[in-house]
Every structure is written in structure tokens, then in C-alpha cells.
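Student: The primary structure of each chain is shown beneath.
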Amino acid sequence: MTYQGLDSSVPVPVNVAPGAAILRRGAVRAGAALRRYGLLAGFLAAWQIGATGGWINPTVFPPLDAILAALLQGLSGGALIDDIAISLQRSGLAFAAAVAIGIPLGLFMGQIRAVEQALDPILQFFRQTSALALYPVFILLLGLGEASKVFVIFWATLFPILLATIGGVKEVDRKLIEMAATFGAGRATIFRRVVLPASVPSIFVGLRLSATTALLLLIAAEMIGANKGLGFQVMNAQYNFQIPQMFAAILLLALLGLTANAALVALQRRLCRWAELSSR
Amino acid sequence: MSVVEHSRRGEVTVRDLSKSFALNGQRLDVLRDLQLEVRGGEALAIVGPSGCGKTTLLRVLAGLEQPDRGEILIDGHPVQGVGTERAIIFQEPRLLPWLTVLGNVAFGLTVRGLPADRAEARARHYIRLVGLAAFEKAYPRQLSGGMAQRVGIARALTVQPGILLLDEPLGALDAMTKLTMQEELARIWREEKVTMILVTHDLEEAIFLADRVLMLPNERGSQPRLIDIRLPRPRDRSEPDFVAMRRRLMAEFGLH
Ligand SMILES: Nc1ncnc2c1ncn2[C@@H]1O[C@H](COP(=O)(O)OP(=O)(O)O)[C@@H](O)[C@H]1O
Ligand SMILES: [Mg+2]
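Taken in sequence, the protein lines are chains A and B.
The first sequence lines up with residues 621 to 900 when you count with this note's numbering.
The second sequence lines up with residues 44 to 299 when you count with this note's numbering.
No wet-lab data here; the hints were simulated from the structure.
Be a bit skeptical, because a hint or two may be false.
[Stated by the list, open to error] Between beta-carbon pairs, the in silico distance windows are:
| no. | chain 1 | residue 1 | chain 2 | residue 2 | range |
| --- | --- | --- | --- | --- | --- |
| 1 | A | Arg747 | B | Ala159 | 25 to 33 Å |
| 2 | B | Phe64 | A | Ala874 | 42 to 50 Å |
| 3 | B | Gly68 | A | Gln737 | 50 to 58 Å |
| 4 | B | Gly174 | A | Glu791 | 56 to 64 Å |
| 5 | B | Ala159 | A | Gln737 | 32 to 40 Å |
| 6 | B | Gly68 | A | Phe745 | 49 to 57 Å |
| 7 | A | Ile742 | B | Gly297 | 53 to 61 Å |
| 8 | A | Ile742 | B | Glu80 | 25 to 33 Å |
Note that the Cβ used here is the ideal one computed from N, Cα and C, for glycine as well.
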């Protein structure tokens with residue numbers, strides 16, 4: 621079975637004991653896990669041993685068990701739950717708005733040459749202007765409340781999605797479009813059956829980039845003018861010298877990013893199975 | 044022309060066809076006052092040196108290119124643009140990578156609004172015809188070049204065109220696959236009774252498949268020539284008559 625999985629044309633030696641095969645497969649898996657996570661595990665172990673043994677300053681790098689304890693306490697006490705909820709709400713709202721506007725707008729702009737050409741200079745200009753630099757402007761316009769925070773995240777996440785979608789539409793193989801036309805497909809049909817599916821992989825590149833950006837801007841916005849949220853908790857804990865609590869919030873932010881990326885990758889796998897086949 | 048020939052479907056008439064391109068600010072006459080009659084159900088091969096306008100002629104016939112002058116008539120009626128009675132097979136298979144073989148072959152019908160189940164039923168028939176029944180669920184990336192090209196052929200056949208236009212469909216295949224595919228094209232043409240207009244740069248392929256060969260010249264002065272291939276079918280490449288015909292065509296090309 622193990623060999624067949626690799627190449628069905630290779631004859632399988634039948635005299636391999638099943639127990640040995642299972643052992644070998646287990647060893648292969650363990651080896652792969654070690655290669656992938658070995659360095660991370662080593663880093664964490666060094667941190668823990670260094671902090672408890674006093675080789676690194678435990679007030680700046682508290683031992684991992686202290687961080688985990690702070691995390692569990694924050695979660696069970698409900699204090700961190702509120703922060704997670706508000707952070708998720710801000711970034712989720714902004715990301716959803718960027719998707720809802722960026723993808724349709726990108727599909728439209730990529731299709732119509734004149735529109736794309738007219739808007740491209742503005743787009744490039746806005747893209748090069750850091751969203752954080754514009755945050756004070758948004759605060760002036762929208763106040764220091766939720767609206768300006770959500771808007772600055774939205775602004776920063778919009779461009780990766782928009783540009784990736786435009787790029788995807790523009791790069792659709794003209795030959796495929798011509799092929800569809802020879803079967804009598806009109807503009808709308810060509811869009812639905814050729815342009816849209818062909819752009820999906822590129823759109824996902826934009827989505828993943830945007831998700832990362834959303835988190836980055838979330839933290840920045842919460843550090844600048846907020847009294848809730850994970851970004852605020854990082855700053856606040858540091859200010860009050862609650863270093864384990866600070867790392868607990870940082871850890872949560874990292875997990876949030878990992879989760880968002882994993883969800884997008886899973887969705888991409890489902891929608892782009894055809895593209896996966898080649899890249900493996 | 045007899046009445047019987049007129050009642051058959053898939054007749055193509057080309058009248059005074061001219062097509063030029065603007066290339067670096069200069070006018071390039073590719074086709075000049077071309078006249079051509081293709082009988083319904085006939086197999087016509089178009090040969091000629093590279094750049095002589097074979098693809099251009101086929102694209103005009105397909106309706107993908109607008110002629111400068113002249114017209115195309117199908118069964119006596121002038122046509123504009125693409126039409127359901129014609130299907131074109133390109134040199135590359137042009138499959139949609141996100142659709143399976145079945146989805147790709149059914150594509151032409153679903154585009155025309157046929158419900159998926161009926162389109163797929165008909166697609167399965169043609170997938171079997173090109174010998175890919177076992178690969179129905181495969182994606183294009185999992186196919187070899189020859190298999191992908193057969194999917195493209197099945198996709199064109201599925202819409203049941205009266206006229207099949209092929210632009211060097213076997214040009215990118217290796218020699219062995221090419222021979223098999225030529226046999227397959229001959230069989231499909233016989234079974235489907237379509238008019239087949241095939242561009243090729245392979246003289247042997249032209250003789251193997253065609254009733255007549257149209258030779259397009261590349262020099263301005265010379266005229267296109269039509270050569271009848273009166274050989275019994277199924278054809279045998281090693282037969283003396285076949286070999287003699289190949290020698291004759293090569294001589295026409297100035298290769299001997
Ligand atoms: N879209 C186009 N624009 C400009 N020139 C073209 C275009 N298509 C073809 N040509 C020119 O027309 C000539 C004939 O091309 P083509 O029909 O592709 O030749 P063939 O298929 O016989 O090799 C070539 O010289 C080519 O450069
Ligand atoms: Mg050509």
C-alpha cells in the first residue's frame with residue numbers, strides 16, 4: 621500500500637511485514653514533522669529553559685508557562701474575550717467590506733480597458749500612500765470612534781484585493797476567451813464561464829495578502845487610539861508592566877492571523893482544486 | 044452541380060475573398076481574391092509555406108476574422124461572424140483548466156443553454172468516440188498532449204457542426220501520437236459525415252486525410268492550386284500510389 625500510493629506502476633514487494641510497514645510510515649511522518657516544526661520547538665524550548673534558568677531576563681521574556689497562565693486567566697475571566705470580540709469585529713467588518721467592494725470593482729475594472737486606464741494612476745497613488753499616514757485624516761473626518769478604525773483597515777485591505785482581481789482578469793488567456801466565442805458565447809457568458817473562474821487563483825492571492833494587512837492595521841489602529849481590543853491590550857499590558865499578559869495578547873494576535881490564513885487556504889483548496897493538481 | 048450536392052449540408056463557398064493586415068505601418072496582403080468551393084462532407088486540406096495565410100483563411104472561415112472584401116457562403120447563405128454550423132479546433136487544445144474532461148467537452152453545449160445533464164450525456168458519447176471514456180473526470184493538467192487535443196476534438200464534435208475547421212491540430216504532437224490521431228480523424232470524419240477543412244504543414248497528413256488539397260502560394264504572383272487526391276480509402280501510406288502522390292505534392296512545393 622505504501623508504495624502504491626507513490627506510483628501504482630511499480631510492483632509492490634509482497635514480503636514486507638505489515639508491522640514493519642506501519643513502523644516505517646510512522647517514522648517517515650515523524651521525520652517530516654521534525655523537519656517542519658523542529659526549529660520552532662527548539663526555539664520555544666530554549667525560551668522556556670533560558671527564562672526559568674535565568675539566562676535571559678525573565679521580566680522581559682517571562683517563561684512560557686507564565687504566558688500561558690496569563691492567557692488562560694484572561695480567557696476564563698472573560699477580560700480577553702471582550703478584546704478578541706471587538707478586534708474580530710473591527711477587522712472582520714473592514715475585511716468583509718473590502719471583499720464586497722474590491723472583488724466586484726476589480727472584475728469590472730479589469731474587463732473594461734478605458735475604466736482601468738483612467739483609474740490606474742489614482743489607484744497607484746493611493747496604494748503608495750500608507751494607510752497609517754492617512755489615519756489622522758480619517759480620524760479628523762470620522763472621529764476617534766469605531767468608524768475611523770474600521771475605515772483605515774478597510775482602506776489598507778481594499779488595495780491588495782482590488783489590484784489582484786484586476787490583474788487576474790487582465791491575465792485571462794485571450795485564447796480561452798476566443799475559444800468560448802467560437803461556441804457562440806456572448807460577453808456575459810464569457811465572463812461567467814471563463815473570466816471569473818480563471819481569476820479565482822489570483823483573487824485568492826489578494827485575499828491572503830489583505831488578511832495579513834487587516835491584522836497589521838488592526839493592531840496599529842488599536843495601539844493609537846483605543847481602549848479595547850488585542851492591540852490595545854498589548855500596549856496597555858506593556859504600559860502596566862504586565863509582561864505575561866502582553867505576550868498573551870501577542871500570542872492571540874498571531875493565532876488570529878494563522879487562523880485567518882488557514883481558513884483562506886482551505887477555501888482556496890476547495891475552489892481551485894484544478895490548480896492544485898499541478899503545483900504538487 | 045447536381046441537385047443532390049446542393050441539398051447536402053456543410054457546403055462552403057468562398058467568393059473573391061481578400062484579407063490584409065497592417066504590419067509596421069505597411070499593408071500586408073495575405074489573401075487576394077480567393078475563390079473556393081468545398082462540397083458538403085468533403086475533406087479539404089490546406090497546405091502552404093509558413094506565413095502564407097493558412098491560419099488567416101481558416102479564421103475568416105470560422106468568423107473570427109473579418110474579411111476586407113468578398114464573402115463566405117454556407118449552404119448558399121452568406122454568413123457573418125461565428126455560427127453554430129461551424130466549429131474550430133486550434134493547434135493548442137485550449138481546454139478550461141478548471142473543468143474536467145466531461146465539463147470541457149460539454150462546454151459548447153452548456154454555453155448554448157442546454158441543461159447540464161443533457162449536455163453531458165451527449166458529451167459522453169463523443170468522449171467515447173475519441174477513446175477517453177476512462178478519463179472523464181480527469182482535469183486537463185492530468186492529460187498528455189495527445190489526450191488534451193482529443194478532448195478539444197470531442198468538444199468541437201459535441202456541438203454537431205456541419206463544418207469542422209482544424210488549424211494544424213496535430214502539429215504539436217509527437218510522431219507516434221500523430222499517426223494514431225490521423226487514423227482517428229479519418230474515422231471520425233467518415234462516421235460523422237462532416238465537412239472537414241484542415242490546415243496542415245504535413246503533406247503526408249494532407250494526402251492521408253483529404254479529398255482535395257489546396258496549396259496556398261506565398262509569392263504575390265502565383266495562384267492557389269487545388270489538387271485532387273483520388274486514392275481509395277482507407278489509405279495506406281506505403282502504397283505506390285500514395286507514395287507517388289506525395290512525390291508529386293513535394294515537387295509542387297519545389298522540394299525535389
Ligand atoms: N493579427 C495579425 N496582425 C498582423 N499580421 C498578421 C496577423 N495575423 C497574421 N498576420 C500575418 O499574416 C501572414 C499570414 O499569417 P498566417 O495566416 O498565420 O500564416 P500561416 O498560418 O500560413 O503560417 C503572416 O505574415 C502574419 O505575420
Ligand atoms: Mg498557422
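Student: Return the numbers of the hints above that this structure violates; sort them in rising order.
Tutor: Violated hints: 1, 2, 3, 4, 6, 8; rest satisfied.
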